[in-house]
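Please model the entire structure based on the sequences and the hints provided.
Chains as they are written, first to last, in this note's numbering: chain A, 6 to 374; chain B, 109 to 383.
Keep in mind that the hints were calculated from the coordinates and are not lab data.
The reader is advised that the hints may include incorrect statements.
What the hints assert, rightly or not - Computed from the model, here is a short list of chain A residues facing chain B with C-beta under 7 Å:
{"#": "1", "residue": "Pro77"}
{"#": "2", "residue": "Phe86"}
{"#": "3", "residue": "His94"}
{"#": "4", "residue": "Tyr98"}
All of these numbers come straight from a predicted model, not from anything done at the bench.
Even for Gly, the Cβ is constructed at its ideal location relative to N, Cα and C.
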Amino acid sequence: MANLKLTKVKKAYGSVEVLHGIDLDIKAGEFVVFVGPSGCGKSTLLRVIAGLEDITGGTLEIGGKVVNSLTPKQRGIAMVFQSYALYPHMTVYENMAFGLTLEKGTGKDEIDKRVREAARILQIEDYLDRLPKALSGGQRQRVAIGRAITRDPAVFLFDEPLSNLDAALRVQTRIEIARLHEKMAGTTMIYVTHDQVEAMTLADRIVVLNKGHVEQVGSPMELYNRPDNLFVAKFLGSPSMNILPATIEAAGETTRVLPEGGSSVVLPVATPDSATGSPAHLGIRPEDLSVTEAADAPFRGEVTLTESLGEVTLIYVDIGRTDEPFVAKLPGEVSIKRGTKIALSAAPESMRLFDERGDAIRAAARKAA
Amino acid sequence: MPYVVKRAGFYALVVFIVLFSIFPFYYAILTSLKSGTALFRVNYLPVDFSLANYTDVLTNGVFPLNILNSVIVAVTVVAISLFLAVTAAYALSRINFAGRGLLLLTILAVSMFPQIAVLAGLFEMVRWAGVYNTLFSLIFAYMIFTLPFTVWVLTTFMRDLPIEIEEAAIVDGASPFTIVMRVFLPLMWPALVTTGLLAFIAAWNEFLFALTFVSNNSTRTVPVAIALLSGASEQEIPWGTIMAASVIVTVPLIVLVLIFQRKIISGLTAGGVKG
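In structure tokens, the structure reads:
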């Protein structure tokens, strides 16, 4: 049971700063996922929390105690590494017991009990006498998790634990980790991944990181439905949100926007009158688009590519913008030939408006609330 | 060229190389088993079989003591070198500090001086430290050539051990010493055996320092003792006993190499390719 509090945490390697003052509160027992593109600092942040990297500035508190200069062990954390990092010369049992044997005052019986308990939870009781090299990737990963469980940590850290597994195993292990979190209620878990599906499915809250800054913190659905800025909007969702440069034609209680490559749409978003004429960005999720026969459909163009995935069909439409494709995600199997001219529309309340710098202009409904 | 000729040529070459390397040792064994004037007849097959030379070298004089001296010196040198090299390798491979490259180069450079160049200076140090004519002088002096390569080989080997394993041990609460002893050492057996054996052979066979720093017959190590074996008169060189002594001190090395040969091969190739 431990909460974490990061206050202006900074990390620099020489003169290069990679974390620019991270503020974050993590409640005890929460499952928090750090996501972001590679190089965004998510792994560094995790290693800073683990105590494998020194903190250059700011404070890190675990359970109300400043732990900046404590060792990983003293912080009460356990970590699961991407490459498993099992000790190759020790059996599964020895791997899981190693941390406990280093503790003074933990008896053999106690160690044995905890190792067997962890092995039972992870269903690796049959492999306890094997060496890591005799295990499959999924089994190794479970041993690595087991090694962390036996330590009974206050904070459980995962560094991209699934990225070395194949697709089927990844889904299975993901579910097991979710189950583990339920079983270990009270243990705070922090999980780093670049995979948004893992983030969406596992997290109580997601922290989106970019270039050493926190872009947004919130529950998966909050981030999906109400992205604070263009970065978060584009990062979550697959395919990512269509972003069109746009001009605000009329501000007020509702806002009329003219997107590049489309015709005007009216959004239920309030903007100050001064916004009239200013540039903005219009975001539409591919899954919110639908094919329409209506004469006033805002987006028209020629289909350049279709991808059938079975449960959905992705349609790439040339709406007169060359730099980025305009993608629609239609449910089921849709047969539209390449070269067909189609019209697309989306419900106005599903579209997102961002100002010139990329910050979200919130829907009026939210302001009222 | 027909296949048969090629194969035959290949095996002829193999036989030649084997004969060329083994013959001196074979002839030493033959000679050691001869006695009296038979020593001066050239035979390529064992015709005499007398253990007189062996009993002679082992019972007369201080040769058994010399063997014991060699064992003490070589084992101590190996133990101290490996301990210093493992701890140094941890620092040199895992910790970033200013001057690390320079330090590694300096360690390597030490091994480049010919023994004769450092002999006089070392002699002064040995006298100053008051260890002249003791085994300590040899143990100290041999570190000069064992430490550079043990440090280098173990540093490269340790650098290739995955950093995550070390980090996992840190998270498990292991101190640097525990990491080295309980995590790294078991993974480094091949490298330790290889470097340890090479250090052992170097210390076992060393002649110049052993001749210079020790003047007492009962404190000498075997290479010098063998060279100084003398016969009944000034003019007589006791070939039989010299050969018997040589065989006695060579056999342990051969046995060690045979025991550890698998480890040696994996130790020599490790570091180059990750496996």
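Against the structure, the hints come out as follows:
1. Of the supplied interface hints, the one on A/Pro77 holds, with its beta-carbon coming within about 5 Å of a beta-carbon of chain B, less than 7 Å.
2. Hint on A/Phe86 holds. Least Cβ distance to chain B is approximately 5 Å, under the 7 Å limit.
3. Checking A/His94 against chain B by beta carbon gives a least distance of about 4 Å; that is within 7 Å, so the hint holds.
4. Nearest Cβ of chain B to the Cβ of A/Tyr98: about 15 Å, over the 7 Å cut. The hint is violated.
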